[in-house]
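**Q** For the record, the sequence lines run as chains L and Y. For the first sequence, position 82 (counting from the first letter as 1) is numbered 82 according to our numbering, and the numbering increases by one without interruption. For the second sequence, position 5 (counting from the first letter as 1) is numbered 5 according to our numbering, and the numbering increases by one without interruption.
Please note that the accuracy of each hint is not assured.
30 angstroms max Cα-Cα, derived DSSO-like pairs, lysine-lysine [unchecked claim]:
no. : chain 1 : residue 1 : chain 2 : residue 2
1   : L       : Lys80     : Y       : Lys57
2   : L       : Lys26     : Y       : Lys100
3   : Y       : Lys37     : L       : Lys13
4   : L       : Lys26     : Y       : Lys68
5   : L       : Lys28     : Y       : Lys57
6   : L       : Lys28     : Y       : Lys42
7   : Y       : Lys57     : L       : Lys13
8   : Y       : Lys100    : L       : Lys80
9   : L       : Lys70     : Y       : Lys42
10  : L       : Lys28     : Y       : Lys37
11  : Y       : Lys57     : L       : Lys70
12  : Y       : Lys37     : L       : Lys26
The following residues of chain L were derived to be distant from chain Y, with all beta-carbon distances above 12 angstroms [what the hints assert, rightly or not]:
no. : residue
13  : Val59
14  : Ser65
15  : Ser67
16  : Thr78
17  : Ser84
18  : Val111
Read the hints as simulated data drawn from the structure, not as lab findings. Small disclaimer: the values here were computed from a predicted structure and weren't measured. Where a beta carbon is used, it is the ideal one built from N, C-alpha and C, also for glycine.
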Amino acid sequence: AQTIHQWPVAEIKAVGSPLSLGCTIKGKSSPNLYWYWQATGGTLQQLFYSITVGQVESVVQLNLSASRPKDDQFILSTEKLLLSHSGFYLCAWSRTGGDTLYFGAGTRLSVL
Amino acid sequence: GEKVEQHESTLSVREGDSAVINCTYTDTASSYFPWYKQEAGKSLHFVIDIRSNVDRKQSQRLIVLLDKKAKRFSLHITATQPEDSAIYFCAADYNNAGAKLTFGGGTRLTVRP
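Looking at chain L on its own, in the form it has when it is part of the complex:
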């Protein structure tokens, strides 16, 4: 069975500080990987997706970047956090494009 693990569960960070969020998928080779952001009480905004190692497509940057250093790992990062980065970050995988998304448990980020 496939599992998806996100870390950390929650973060409280200062404006201007760096951030790194991670996601690991086990039990599925070459998954499509995605980062989504959800503002409190809001809808989901797709940030990035990756079809293969080393390749990441940006959908909406929001002063964030993403990388896929390994087949099963997806990293979201920034060097300088903004207040507007607060929210719920969700990693997801799918077998192919246009297929069911399986979401991780998410990371709650508060930027103060």
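With chain L fixed as given, assemble chain Y onto it according to the hints.
**A** For chain Y alone, kept in the frame of chain L given last:
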């Protein structure tokens, strides 16, 4: 790009009644329409989907209808139960490579005992 509008931001039904959530989309190229459920404070999980080659799909108490001419799709939950209470998101995939999904704003469904 694609825009997905979810018409009901909140919906309250009595236990045992049906709930209907409606969504419209703008891009005629969209061909995949999934629905996701988010319980309070949690992540999303998939509930049902429909593809553009059919206009109806059912999975137990869930029915999805698709009207391509009107660019509208809907989720029907029959015989609602308290555990159906959650936020439901519709989505449309407008990129035929399948890697881009646009979500609606969400509908908070409350099932009253």
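**Q** Output the numbers, in ascending order, of every earlier hint that fails for this structure.
**A** 1, 4, 7, 11, 13
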